[in-house]
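A.B. asks: Take a look at the letters that make up each chain.
Protein chains: 2
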Amino acid sequence: MKKLGDVVVVAPDSPQSGMGHAITIGETLRLYEEDIFEDVVAFKSSGTPADCVKLAKHHVLKERKPDLVVSGINHGSNTSISVLYSGTMSAAIEGALEGYPSIGFSLCDYSSKAEFDHLEEYVYKICKQVLDHGMAKGVALNVNFPPKRNESIRGIKICRQAHAKWQEVFEERFDPNGRNYFWMAGNFVNFDKGEDNDEWAIANNYVSIVPCQYDLTAHHAISQMNQDWNWEMF
Amino acid sequence: MKKLGDVVVVAPDSPQSGMGHAITIGETLRLYEEDIFEDVVAFKSSGTPADCVKLAKHHVLKERKPDLVVSGINHGSNTSISVLYSGTMSAAIEGALEGYPSIGFSLCDYSSKAEFDHLEEYVYKICKQVLDHGMAKGVALNVNFPPKRNESIRGIKICRQAHAKWQEVFEERFDPNGRNYFWMAGNFVNFDKGEDNDEWAIANNYVSIVPCQYDLTAHHAISQMNQDWNWEMF
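Read top to bottom, the protein sequences are chains A and B.
Residue numbers for the first sequence follow the working numbering, so the first one is 13 and each next one is one higher.
Residue numbers for the second sequence follow the working numbering, so the first one is 13 and each next one is one higher.
One should not assume that every hint holds.
One copy or two, either will do: identical chains are not told apart, so a pair holds if it fits within one copy or between any two.
Unchecked claim - Straight-line C-alpha distance at most 27 Å; calculated DSS-like pairs for lysine-lysine: (1) 56 to 160; (2) 56 to 177; (3) 77 to 169; (4) 14 to 177; (5) 177 to 74.
Quick caveat, the hints were computed from the structure, so don't treat them as lab data.
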């Protein structure tokens, strides 16, 4: 990011896997400046990824408007339905809500030895395109990179979110006091046969970019509900 | 709900305001049966609202398929953009993801003295409509009730999500050790001039029902990005 402009970091002070679009309500937030990167103003916060964007806007940047909000690189996939559970993407969507061009980056590799170096040119290129072309109002990009394979990355695909889900498995265990507890684990199940979605792109060694928005309205369902349902009981 | 069928409750053991679609990753979950309602099987969990739906499906109900997933009534509004931050609605969306007809209910009244009794017939009516008509695949209903006013509720409106946002204010304070901390507060700002949205419905004393879905793809942005942007650098 330093090649593109002045960088200000506001990051959570602990892992935020599965944090979704959670925000901190009814509890206090901490925010401390940290001297960790050269030529970069950096803060750490006790809040969620979405909190960090709000703190950056209202407390750190105040009147200064960022040219770009970037979240990640997340260590692990945020393709398909994972966008709902993703703290990384919720920060990007929070940025879009504020009217800023916003991008969430993720690497589809959960290995502790995952390599990130080869992504640098792609991150730069994608950010540059967004800075040059702007972004449609209310849209944030969900960018996922394939894991490092023998073949180099084949290119970039603009995609829709694949139709897929997590199939959870709960493993029951007992603590030293004999009380039970659960570990949640999940298997990703892809129902999507199309080739225009992010799962297909990653499987075929492309970078996937899904433009995302935050209007959850199922517009197609409105007229049907108005037509078929009976609301006249009262 | 007991008028409509057999009820199984799986609820978080603590307040979940602003929890969004968070799930518990890398930490254990607790789940205990509680004898709190007559003729109702009830569990409490240390997890988030979305976790509770997953636990209900995979551990509590196992092979039994629910006819309806109901979340709430939330004490406070989940209209418009608040759907993103809402644990109540994330539980309903999680239900829709699993293929169950799902509804999140909220009362647009933050008062500790908020009255819920007058909503019972509406909750019953809306659930009955969903059981009778079924729900479009992948759709969950976001139902909001107006606060109790002198005039009685005027009816039910099927709506789209209003275009609005929270404008945060961070109040900085200092703890007894002199370290700073923040309270986040927010003002709701409604940009929407339309009359087909949930904010309009609530302001005009209607019950609002927004059908919601979980495909965040900004489909309208895909062709534009394919047309205008240059991805051919590599």
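A.B. asks: The structure should be examined with respect to each hint, and the outcome stated for every one.
C.D. replies: Hints, verified against the model:
1. 56 to 160: neither (30 Å within a copy, 42 Å between copies)
2. 56 to 177: between (32 Å within a copy, 25 Å between copies)
3. 77 to 169: neither (29 Å within a copy, 38 Å between copies)
4. 14 to 177: Classified as neither; 36 Å inside a copy, 31 Å across copies.
5. 177 to 74: Between copies, since 18 Å is at most 27 Å while 39 Å is not.
Hint violations for this structure: numbers 1, 3, 4, all remaining hints satisfied.
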